[in-house]
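**Q** Those protein sequences? They're chains B and U, same order as listed.
One gets my numbering by counting positions in the first sequence from 1 and adding 40 to each.
One gets my numbering by counting positions in the second sequence from 1 and adding 40 to each.
Simulated from the structure, these hints should not be mistaken for lab results.
Don't take each hint at face value.
Note that the list lumps identical chains together, so a pair holds whenever it fits in one copy or between two copies.
Claimed, not checked - Pairs of lysine to aspartate or glutamate residues, derived as EDC-like cross-links and limited to a Cα-Cα distance of at most 16 Å, are as follows:
no., residue 1, residue 2
1, K50, E157
2, K66, D162
3, K62, D101
4, K418, D200
From a predicted model like this one, the values you see are computed outputs, not experimental measurements.
2 protein chains.
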Amino acid sequence: MIQINENYKKLKASYLFSDIAKRIGKFSEENPSAQIIKLGIGDVTRALPRTCIEAFHKAVDEMSADNSFHGYGPEQGYSFLREKIAEMDFKSRGTGITADEIFVSDGSKCDTGNFQELFAQDLKIGVPDPVYPVYVDTNVMAGRTGEWKDGRYQGLYYLDSIEENNFVPDLPSEKLDLIYLCFPNNPTGSVATKTQLKAWVDYALKNKALILFDAAYVAFIRDNSIPQSIYEIEGADKVAIEFRSFSKTAGFTGTRCAYTVVPKNCQVYSSNGNIESLHSMWNRRHCTKFNGVSYPVQRAAEAVYSAQGQVEVKELTDYYLKNAKYILEKMQSFGFKCTGGDNSPYIWINGQRDSWEFFDMLLSKAQVVCTPGSGFGKCGEGYIRISAFNSYEKVVEAMERIAKAI
Amino acid sequence: MIQINENYKKLKASYLFSDIAKRIGKFSEENPSAQIIKLGIGDVTRALPRTCIEAFHKAVDEMSADNSFHGYGPEQGYSFLREKIAEMDFKSRGTGITADEIFVSDGSKCDTGNFQELFAQDLKIGVPDPVYPVYVDTNVMAGRTGEWKDGRYQGLYYLDSIEENNFVPDLPSEKLDLIYLCFPNNPTGSVATKTQLKAWVDYALKNKALILFDAAYVAFIRDNSIPQSIYEIEGADKVAIEFRSFSKTAGFTGTRCAYTVVPKNCQVYSSNGNIESLHSMWNRRHCTKFNGVSYPVQRAAEAVYSAQGQVEVKELTDYYLKNAKYILEKMQSFGFKCTGGDNSPYIWINGQRDSWEFFDMLLSKAQVVCTPGSGFGKCGEGYIRISAFNSYEKVVEAMERIAKAI
Chain B
41 MIQINENYKK LKASYLFSDI AKRIGKFSEE NPSAQIIKLG IGDVTRALPR TCIEAFHKAV
101 DEMSADNSFH GYGPEQGYSF LREKIAEMDF KSRGTGITAD EIFVSDGSKC DTGNFQELFA
161 QDLKIGVPDP VYPVYVDTNV MAGRTGEWKD GRYQGLYYLD SIEENNFVPD LPSEKLDLIY
221 LCFPNNPTGS VATKTQLKAW VDYALKNKAL ILFDAAYVAF IRDNSIPQSI YEIEGADKVA
281 IEFRSFSKTA GFTGTRCAYT VVPKNCQVYS SNGNIESLHS MWNRRHCTKF NGVSYPVQRA
341 AEAVYSAQGQ VEVKELTDYY LKNAKYILEK MQSFGFKCTG GDNSPYIWIN GQRDSWEFFD
401 MLLSKAQVVC TPGSGFGKCG EGYIRISAFN SYEKVVEAME RIAKAI
Chain U
41 MIQINENYKK LKASYLFSDI AKRIGKFSEE NPSAQIIKLG IGDVTRALPR TCIEAFHKAV
101 DEMSADNSFH GYGPEQGYSF LREKIAEMDF KSRGTGITAD EIFVSDGSKC DTGNFQELFA
161 QDLKIGVPDP VYPVYVDTNV MAGRTGEWKD GRYQGLYYLD SIEENNFVPD LPSEKLDLIY
221 LCFPNNPTGS VATKTQLKAW VDYALKNKAL ILFDAAYVAF IRDNSIPQSI YEIEGADKVA
281 IEFRSFSKTA GFTGTRCAYT VVPKNCQVYS SNGNIESLHS MWNRRHCTKF NGVSYPVQRA
341 AEAVYSAQGQ VEVKELTDYY LKNAKYILEK MQSFGFKCTG GDNSPYIWIN GQRDSWEFFD
401 MLLSKAQVVC TPGSGFGKCG EGYIRISAFN SYEKVVEAME RIAKAI
């Protein structure tokens, strides 16, 4: 008899985005003429940079002739892309990351979801709250948690990200083995200073823990004192891996390209305490279960690193940051406590009321869609997330409507 | 302390293709003027169909303007592609598979590797021998096997594919829970008749087992009496899922698009014997750990189903089949017992000697590269695989050289 992995039954059905869709549907039906502005989902809205489009077309043309056609590429990604990443994203920041430590993939969602496979079952795992649900759900599926109870999975250690700690979690009082961190944060938009990240790296070094550092929103950092990579912290290459994506950097959410950095120095342990190579393990996993990213997509991603590409992605992220700044200033002027919106496309707003109540009010009175913070975890209750991914004109109109609604 | 998944240590390092590369390297060094012809790896060599290229370009253009840009798509794939697949690959063959049972992905390697996650740990698993290593290695990583011993993993049930059964494994004498089958087969090139597949489906129905049916090479079937889909067998929708890929069908090995069929009828069980929905489980897995296939790639795949696309992919696979037929006839005329080469791009050749000895002889005397069958499992010893993925001219020359060499 073919028996299922019963851990799937522990998964709390994720109703967040379907609930949002239902409420929008109901509202639209009752108000057919309403012009709804969506500032909910974290998806980009603007075209791919011109330079990426050109490289994309050129690579598709290569696929049209036998003598320039590309079949299977290296699972880890082509050198042309890995070399540029190492040079421009890491060497330029004074870190020692090299091209052979970069694993190109089709998405950070996949990589953050799959990475836990490399580890033992009985780990103490720390996840932020509020949290990007993939970190949690993939560990539930793998059987590393207990049941869902009072809004949390038993057996996980939740790292509260709250006003009191500026949405950068405090070091845990107990010894954790695996820690998920995300900065600039989704959903709060908070960033971690060098001192704060150093504390986490030192904690990991001391406890032989591993940090899974999600830097998918790094392209929005404008304050140069904020670390862009965790490897800017000394010793991090021994205790951290880093996830990066072209999704938000260059508008690749529908194009699909990302990468994960696994330093060769990174130390993990077998049960007898021997040091093992995480790099070898991820390489084996990647080559066994993945067949590389589409060649034309890798060429499009490479174009991000050209001189013109750098100008264009800066322009692209600047556009969203202008939106974010506008939203932040307006919401603050309305009297709300906010974080993010600066070095981040997300604004995390303390609504001083139930998250869904605030959501419903904005929808019905301003026809603006946000995301209720409670959908990201217990610590998100009372908050909403507003995203800067829309046109500036729509953002301005949304703020005008909210001004009248509240 | 961050402890590893110790099952990774059980993995036998896969030296097959690196061993091949080393031997080629050594030979080339000693014979710098040798013109080596590679008929080893299973990778296509010819350009993407013209229709796919046009659709690909058009979709890249859509990504270049805000009003036609595509961000995140549905994780399961766009309807435009899923509908065509259901219509052209399944309804046309008299099966009841519908669009919402199709999950588009970036590769069958990923899907065949990931699917085991949905199941319990203590399953009786059947894998063919010789075998596509992904089926085995992913179960080793997941901890479903014992150690490697005498060329096999303990705890797996190997389904011998040998001359005596025409390389279609016999039904097992014991009750298996999960069975991997692949037809047209990689590496043997064998196909299963309707009667043979029906026996497997009936076995699965009787034993409440699940068949993971890999049909990556279906586009090479020309004999219309051979089932293209396992769903042509009555009852298969209750006990089988099917993997398909555009890699070999339309030359997408470097472009990346595939799909998996999980019928809503497909029954799996929880430990108390309750029926559970495999479709819901895979949907949950897919949405949690995957973010959809690149939009332009899905448009390129869709083009395969246009009238012109169908002509072009037929032309493409015909080309390789002509190579395969030529190789088969020649190798038979040299006195070798062969299978495949007909309804398949692979020819599986009984060399009447050690696989590596045959490999070395072909390399040194004919400068032709094949794949030693022993790399695919114990039952592959004594065989080599020759692949039809090369130009016709090279194939002809390779056979001429082999004629002189033996």
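**Q** Against each hint, give a clear statement of whether it holds in the structure.
**A** Evaluated hints:
1. K50 to E157: between (18 Å within a copy, 15 Å between copies)
2. K66 to D162: neither (44 Å within a copy, 46 Å between copies)
3. K62 to D101: So K62 and D101 fail the 16 Å test inside a copy (43 Å) and across (33 Å) alike.
4. K418 to D200: Close inside one copy (9 Å), not across copies (53 Å); limit 16 Å.
Comparing the model with each numbered hint stated earlier shows that hints 2, 3 do not hold.
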